[in-house]
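Enquirer: Residue numbers (the UniProt record's numbering), protein chains in the order written: chain Y, 1 to 539; chain U, 1 to 539.
Hints are supplied without guarantee of correctness; some may be wrong.
Straight-line C-alpha distance at most 27 Å; calculated DSS-like pairs for lysine-lysine [as the list claims (entries may be wrong)]: (1) LYS500(Y) x LYS514(Y); (2) LYS118(Y) x LYS157(U); (3) LYS220(Y) x LYS220(U); (4) LYS220(U) x LYS222(Y); (5) LYS157(U) x LYS157(Y); (6) LYS222(Y) x LYS485(U); (7) LYS118(Y) x LYS118(U); (8) LYS222(U) x LYS339(Y); (9) LYS157(U) x LYS339(Y); (10) LYS222(Y) x LYS410(U); (11) LYS410(U) x LYS432(U); (12) LYS432(U) x LYS485(U); (13) LYS485(U) x LYS220(Y); (14) LYS432(U) x LYS222(Y); (15) LYS220(U) x LYS157(Y); (16) LYS410(U) x LYS457(U); (17) LYS118(U) x LYS157(Y); (18) LYS343(Y) x LYS222(U); (19) LYS339(U) x LYS157(Y).
Source of the hints: derived by calculation from the structure; they are not laboratory data.
Computed from a predicted model, the values in this text were never measured in an experiment.
Here are the chains, one letter per residue:
2 protein chains.
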Amino acid sequence: MNKNKKALSILMRTRMRPPSPSSSTNRINHMQFPPLDGGGGVSSSSQDGSASFHTDFERVRESMHSAISMNKTEILDAALDDFSEGYFGLHNEDRRTLLLTLAREYDLNRIQVRELMKQYLGLELPSGDKAAENVHEEEGSFSAFYRIERNLRHSLKPMYEVLFERLNTHPGGLRFLSIMRADILSFLAYHFWTPKRNPKHMSFQGGKCSVVEALDSYLKEKLITWLSPANLQLHHITWDDSASLLEKIVAYEAVHPISNLLDLKRRLGVGCRCFGYLHPAIPGEPLIFIEVALMKTVAQTIQEVLWDDPPTPESEATCALFYSISSTQPGLSGINLGKFLIKRVIDVVRRDMPGISTFATLSPIPGYMQWLLSKLASVERSGSTFSENLLKPEEESALLEAAEEFATGKNGMEVMRNLLSSTSYEWTKSEKLSLVLKTPLMRLCARYLLQEKKRGKALDSVGNFHLQNGAMIGRMNWMADRSEKGLRQSAGVMVNYIYKVDHIEENAQSYFSKGEIQASDEVRAYLEPQEDLQEEMKD
Amino acid sequence: MNKNKKALSILMRTRMRPPSPSSSTNRINHMQFPPLDGGGGVSSSSQDGSASFHTDFERVRESMHSAISMNKTEILDAALDDFSEGYFGLHNEDRRTLLLTLAREYDLNRIQVRELMKQYLGLELPSGDKAAENVHEEEGSFSAFYRIERNLRHSLKPMYEVLFERLNTHPGGLRFLSIMRADILSFLAYHFWTPKRNPKHMSFQGGKCSVVEALDSYLKEKLITWLSPANLQLHHITWDDSASLLEKIVAYEAVHPISNLLDLKRRLGVGCRCFGYLHPAIPGEPLIFIEVALMKTVAQTIQEVLWDDPPTPESEATCALFYSISSTQPGLSGINLGKFLIKRVIDVVRRDMPGISTFATLSPIPGYMQWLLSKLASVERSGSTFSENLLKPEEESALLEAAEEFATGKNGMEVMRNLLSSTSYEWTKSEKLSLVLKTPLMRLCARYLLQEKKRGKALDSVGNFHLQNGAMIGRMNWMADRSEKGLRQSAGVMVNYIYKVDHIEENAQSYFSKGEIQASDEVRAYLEPQEDLQEEMKD
Chain Y
1 MNKNKKALSI LMRTRMRPPS PSSSTNRINH MQFPPLDGGG GVSSSSQDGS
51 ASFHTDFERV RESMHSAISM NKTEILDAAL DDFSEGYFGL HNEDRRTLLL
101 TLAREYDLNR IQVRELMKQY LGLELPSGDK AAENVHEEEG SFSAFYRIER
151 NLRHSLKPMY EVLFERLNTH PGGLRFLSIM RADILSFLAY HFWTPKRNPK
201 HMSFQGGKCS VVEALDSYLK EKLITWLSPA NLQLHHITWD DSASLLEKIV
251 AYEAVHPISN LLDLKRRLGV GCRCFGYLHP AIPGEPLIFI EVALMKTVAQ
301 TIQEVLWDDP PTPESEATCA LFYSISSTQP GLSGINLGKF LIKRVIDVVR
351 RDMPGISTFA TLSPIPGYMQ WLLSKLASVE RSGSTFSENL LKPEEESALL
401 EAAEEFATGK NGMEVMRNLL SSTSYEWTKS EKLSLVLKTP LMRLCARYLL
451 QEKKRGKALD SVGNFHLQNG AMIGRMNWMA DRSEKGLRQS AGVMVNYIYK
501 VDHIEENAQS YFSKGEIQAS DEVRAYLEPQ EDLQEEMKD
Chain U
1 MNKNKKALSI LMRTRMRPPS PSSSTNRINH MQFPPLDGGG GVSSSSQDGS
51 ASFHTDFERV RESMHSAISM NKTEILDAAL DDFSEGYFGL HNEDRRTLLL
101 TLAREYDLNR IQVRELMKQY LGLELPSGDK AAENVHEEEG SFSAFYRIER
151 NLRHSLKPMY EVLFERLNTH PGGLRFLSIM RADILSFLAY HFWTPKRNPK
201 HMSFQGGKCS VVEALDSYLK EKLITWLSPA NLQLHHITWD DSASLLEKIV
251 AYEAVHPISN LLDLKRRLGV GCRCFGYLHP AIPGEPLIFI EVALMKTVAQ
301 TIQEVLWDDP PTPESEATCA LFYSISSTQP GLSGINLGKF LIKRVIDVVR
351 RDMPGISTFA TLSPIPGYMQ WLLSKLASVE RSGSTFSENL LKPEEESALL
401 EAAEEFATGK NGMEVMRNLL SSTSYEWTKS EKLSLVLKTP LMRLCARYLL
451 QEKKRGKALD SVGNFHLQNG AMIGRMNWMA DRSEKGLRQS AGVMVNYIYK
501 VDHIEENAQS YFSKGEIQAS DEVRAYLEPQ EDLQEEMKD
């Protein structure tokens with residue numbers, strides 16, 4: 001008995017490995033999917049355990065054709081099975097060729113579309129006023145409009161829609177479509193693609209591929225419809241769930257990797273919650289899941305959340321802290337299920353735990369260092385005396401003094417860049433240096449989060465995700481994540497986004513329409529001197 | 001204790017009433033929905049218990065406008081609630097006016113559609129051959145095509161799509177949409193409609209209303225997508241289900257009404273199965289359900305199925321008899337969920353009970369008498385000596401002799417019509433008369449089932465339903481349903497449709513493409529003399 005207990009205890013502490021060596025490429029961070037590298041396709045197939053053999057391309061192509069063009073539904077099921085099995089057996093390059101074939105050869109019938117358009121343009125547009133006077137004439141002309149419009153709607157659907165629709169209602173088909181879309185995204189991210197077979201047809205290299213982009217945008221729209229929140233079930237994930245489901249949580253937790261079974265058990269235990277969205281067609285595998293810690297105050301470091309014992313008694317909790325949200329499906333990139341999940345979870349927690357009034361995140365800032373280092377480098381390159389100094393004079397002199405023994409550089413910015421880009425993170429080991437860097441790093445982080453944008457949206461992907469969901473920036477936390485990843489991404493800074501229940505929609509709306517970012521006074525305070533500086537720089 | 005048992009026994013035998021007096025108008029027979037009369041709308045609303053007050057039309061119209069045009073999702077939820085509550089409070093006539101407003105004022109932007117079409121027609125269609133040679137040029141011109149096609153797809157969506165989409169993801173919205181569609185169908189069936197408010201806009205009377213037809217066809221397509229079998233759950237309905245769910249089975253059982261709790265319990269007990277399709281957004285209310293009896297042989301009368309005690313021991317059963325399939329949603333008319341339900345149930349029964357090899361129905365023939373009586377009347381009216389005699393000479397003389405004391409008429413057909421159209425069904429009480437009528441009634445029934453068509457499909461709605469699902473006509477059964485309804489609809493004849501697992505798809509396909517009806521030799525045998533007769537008539 002005692003022996004068993006000991007064995008269990010060892011098992012629980014054993015470092016966990018994701019179910020397949022490739023699954024790390026499937027990890028998705030905070031709803032933002034990095035362009036899949038060439039391995040994207042393989043990782044999907046190896047998950048299905050069928051990458052070991054190579055299927056004949058032509059056979060798969062034929063089964064795809066059958067799956068699109070057949071009528072008899074029983075044989076159709078077999079054709080769909082054939083096609084998906086064959087697809088999983090294809091090498092990456094063959095998958096790409098097949099997707100390109102699908103996009104090109106099962107496109108619209110443009111001759112028919114043009115014919116209908118000509119008919120339509122030949123109709124006289126009925127005017128509202130006249131219509132009221134002679135209803136029967138109006139009726140006749142409207143009915144011609146509706147007829148051609150309906151026909152046009154149908155003929156504007158590419159032929160590959162049939163394949164998507166059929167797969168969606170076929171067992172396992174929705175999951176297959178999600179993998180297919182992951183492959184399409186990997187195709188689109190794979191810029192320089194050299195042809196293998198049919199070189200005549202496959203001869204483009206690099207650049208855009210709008211025929212595959214059209215395939216992607218069509219499939220994405222379909223997936224958005226099929227995965228509408230009405231079709232998803234919120235599931236409270238607990239230690240009583242099946243091992244096969246929990247294994248997926250371990251494999252796909254992208255933000256703070258789960259180290260062993262004890263760690264997992266703790267994240268599902270007292271003081272914690274984990275919720276996932278399940279689709280009936282993909283049972284036992286949440287499409288996305290969120291981890292929540294119930295706390296007395298909004299946590300400032302990930303240490304408090306994950307490792308500080310013991311957890312807060314639930315009756316004393318006033319805050320639900322979302323510390324991780326991970327998607328399991330690279331193929332659902334750009335389909336914001338997280339937004340609905342967060343709202344549903346807020347509703348459930350408010351209903352079940354009236355003592356909780358604060359809903360906040362403790363989030364990474366994945367793009368901060370990348371932005372800052374390239375900003376420092378570009379200022380350096382320009383070399384002009386008029387170029388912006390990212391450091392204030394007093395920050396620069398303090399830094400130059402403290403950094404003497406760690407890094408060199410012709411000015412403060414170069415020293416800063418050298419310190420921050422060193423992968424040994426020496427600066428974090430010197431208290432003096434950390435202190436000197438804190439001021440500019442926090443100030444520049446506020447600038448990055450509040451002012452740096454791309455097409456009117458926050459440059460930081462996690463920031464953009466929470467802001468579009470209606471959160472505000474509540475607080476920045478120094479040395480909140482000392483892990484290698486945390487230091488590399490954001491010099492250890494983390495941020496609390498706050499979901500104020502009464503302002504979620506208003507914030508989401510003003511962010512969406514005007515790009516306005518809501519932030520607390522505390523965060524704004526970092527910026528004011530910076531704004532003055534920018535004013536000066538403009539002169 | 002004994003007293004309680006007695007009370008329970010009385011309760012179990014108490015005749016059951018549908019949950020609301022109006023629900024009888026909601027009963028749908030075998031997937032074929034009769035045109036809803038003026039009461040259709042009211043019945044939906046009274047189910048929601050809000051028909052008692054009359055909502056102000058303008059207020060509902062405004063909430064509809066908000067629900068379509070608003071952006072903020074939180075207030076949007078309130079607007080959708082407002083709109084659906086308001087809608088339920090409207091009188092039938094106001095609902096119709098509102099639906100017409102929705103169809104007319106939230107239609108396409110046709111100016112924009114025409115503009116895009118003109119742009120599109122201005123593009124040069126890239127040829128496949130040229131494309132292969134100059135990929136980059138092809139790329140540019142294709143991307144213009146895709147862009148305009150995508151824009152056209154969007155602008156060909158009527159504005160009311162937003163309302164449908166928003167309601168679909170709103171709690172209770174899918175159910176509301178189903179009620180709204182029932183109202184649209186009732187609108188379209190309500191030919192002579194006199195205007196009440198805004199007479200200038202509402203002045204058409206009778207005839208087609210293609211703007212509302214377009215609304216209906218659009219909503220129907222949306223519902224088909226949302227209710228795809230992938231989103232439906234098969235539920236085995238048992239006596240352990242909630243009273244509120246079982247109440248719905250009682251209310252909507254359309255084929256063989258459930259008389260009391262004992263009857264219901266028997267239909268869910270040993271030797272029986274009941275399966276329903278549930279959608280996650282409409283919990284506790286199967287959209288459609290099917291009742292199955294497990295039997296030693298294919299039943300010939302409904303008596304054997306419903307009332308003969310005791311049921312077959314399940315281990316001895318070789319046949320699964322589908323004796324009733326009912327839809328609970330008039331608004332899902334034309335969306336064939338029954339087809340998928342039957343296939344799923346066949347799969348489940350085959351898996352769980354390998355002893356069962358025959359899958360058959362015992363089905364009513366709802367249109368037989370209506371067809372026969374109008375056929376008899378039209379032959380009579382034409383009065384020509386060359387017109388078809390539906391009776392063979394020997395049938396006619398036997399009938400004239402046997403019918404002497406029951407009915408008069410100048411010939412056999414007139415006597416037959418008088419006998420069959422009498423609502424006292426005297427003919428069933430005379431053994432002699434029944435015997436004499438049996439031969440022509442069975443023969444003509446085979447003709448009705450196998451040869452009478454409308455637009456290439458079987459005229460009988462139940463027949464068309466099973467044939468399009470891939471069944472064949474197996475056997476006709478004399479005096480199989482002696483209920484008033486059975487005699488009125490089909491002179492008591494019922495039919496066994498057989499689902500042969502290996503031929504389902506083939507049959508469905510040949511029925512769909514060529515209108516071919518598969519039937520057993522036994523059924524065909526009724527027809528051969530009739531075909532000879534038809535040959536003679538043509539000369």
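Enquirer: Each of the hints needs a verdict: does it hold here or not?
Expert: Quick rundown of the hints versus the structure:
1. LYS500(Y) x LYS514(Y): Given that 27 Å is the threshold and the Cα spacing comes to 19 Å, the pair holds.
2. LYS118(Y) x LYS157(U): holds, 19 Å
3. LYS220(Y) x LYS220(U): This hinted pair holds, its Cα atoms lying about 22 Å apart.
4. LYS220(U) x LYS222(Y): holds, 17 Å
5. LYS157(U) x LYS157(Y): holds, 13 Å
6. LYS222(Y) x LYS485(U): violated, 46 Å
7. LYS118(Y) x LYS118(U): This hinted pair holds, its Cα atoms lying about 9 Å apart.
8. LYS222(U) x LYS339(Y): Cα-Cα ~24 Å, so holds.
9. LYS157(U) x LYS339(Y): holds, 25 Å
10. LYS222(Y) x LYS410(U): Between LYS222(Y) and LYS410(U) the Cα gap is close to 65 Å, so the pair fails against 27 Å, i.e. violated.
11. LYS410(U) x LYS432(U): holds, 21 Å
12. LYS432(U) x LYS485(U): Status holds; Cα separation ~22 Å.
13. LYS485(U) x LYS220(Y): violated, 51 Å
14. LYS432(U) x LYS222(Y): violated, 64 Å
15. LYS220(U) x LYS157(Y): Within the cut-off at roughly 18 Å; holds.
16. LYS410(U) x LYS457(U): Measuring from Cα to Cα gives roughly 35 Å; hence the hint is violated.
17. LYS118(U) x LYS157(Y): holds, 19 Å
18. LYS343(Y) x LYS222(U): Holds. LYS343(Y) to LYS222(U) sits at ~25 Å (cutoff 27 Å).
19. LYS339(U) x LYS157(Y): holds, 25 Å
Hint violations for this structure: numbers 6, 10, 13, 14, 16, all remaining hints satisfied.
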